[in-house]
Amino acid sequence: MATQRTIAIIGACSNNGKLASKKLAIKKSRLLLLDENTENLLMLKKEIEEDRGDADIEIMECFKEAGWEADIIVLASDWQAEKEIVTTIKPFITGKTVISFTSDNKCLLPYSKVIALKEENKDWPDEMEAMLKNSF
Amino acid sequence: MFEELFKHIRQKIEISEREEEVCRSLFIPKKFRKRQYLLQQGDVSKYTAFVEKGLLRSYIIDDKGTEVIMQFAPEGWWVGDIYSSLTGEASEYNIDAIEETETLLLTNQAYEQLLQKAPVFERYFRLLIQNSFIAIQRRLKANIVLSAGEKYKNFINLYPNIAQRVPQHSIASFLGITPESLSRIRRQLTNADKS
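Protein chains in written order, with this note's numbering: chain A, 1 to 136; chain B, 137 to 331.
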């Protein structure tokens with residue numbers, strides 16, 4: 001048996017966000033999807049659910065709440081928006097694994113376990129999946 | 137988010153602002169939904185939890201498939217499976233949320249770091265373990281020698297505001313009696329109060 005893990009994907013409708021959401025929508029994970037564009041979120045949710053019937057997906061609005069509930073946080077918004085979000089959720093993600101596409105978050109989040117991926121590296125979704133397996 | 141924890145700590149030891157900061161850098165804030173698991177039987181326990189708000193319970197499932205509640209953990213309580221955390225062996229316990237619950241989690245590693253960075257916590261945790269030892273002795277004694285009625289009174293003393301928050305069968309499960317006996321005891325106590 002394995003306890004369910006909760007993954008918050010912030011900026012789920014960006015390119016990286018979509019790839020991450022699809023990769024992580026596996027059994028034993030609850031996905032919390034966040035994005036400015038609710039319509040796109042609903043579409044993404046539907047798309048993943050059609051592909052994977054057993055996916056547990058929820059759309060959330062509050063970054064703070066999502067970060068508080070999550071064990072793993074994927075930061076996939078554009079960098080300008082992200083800075084502000086990171087500051088908001090920082091106290092709620094101490095000790096948690098954070099997937100980021102910029103290494104700047106390592107300085108901003110000294111008490112979280114930041115894994116910085118390079119989006120140029122096309123294998124990053126697999127790399128991410130492997131790293132999360134080890135960290136959880 | 138840390139109010140209850142710091143209150144709990146300050147009832148036992150004095151801590152400085154720096155030591156508060158050390159806590160903030162090591163405890164993992166985590167919110168659980170109703171019925172969400174912190175630990176499931178068969179998994180290795182990774183965290184010990186302090187409850188800031190809400191209510192967790194730890195229970196085992198016996199041979200007949202019945203849930204036996206070992207502990208309730210409301211606000212200001214610690215809960216976990218120390219044996220599994222320390223040995224790395226699979227846990228026999230389940231811990232889940234009866235209400236939506238806000239916790240602060242401590243991994244073994246963070247626990248060691250806390251003691252290293254703020255040694256005053258050695259005293260805090262010694263007092264906790266002392267209290268927990270006494271609680272276990274009392275529960276053991278209650279199970280061996282006390283009547284069901286006395287066990288229920290003990291329960292009300294230990295958890296003054298839990299009786300209203302959990303279903304009756306959970307209390308019966310904690311006390312190791314049938315729901316019917318519990319209902320009889322409660323009736324007797326109410327009648328005794330009236331007369």
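There's no promise every hint is true.
Unchecked claim - Listed below are the simulated DSS-like cross-link pairs for lysine-lysine, each with C-alpha atoms no more than 30 Å apart in a straight line: (1) B/LYS170 / A/LYS133; (2) A/LYS45 / A/LYS113; (3) A/LYS22 / B/LYS170; (4) A/LYS28 / B/LYS200; (5) A/LYS23 / B/LYS170; (6) B/LYS200 / A/LYS22; (7) A/LYS23 / A/LYS83; (8) B/LYS253 / A/LYS28; (9) A/LYS106 / A/LYS46.
The set of hints was computed from the structure by calculation and includes no laboratory data.
Of all the hints given earlier, name the ones this structure violates by number, lowest first.
-> The structure conflicts with hints 6, 8, 9, although it agrees with all the remaining ones.
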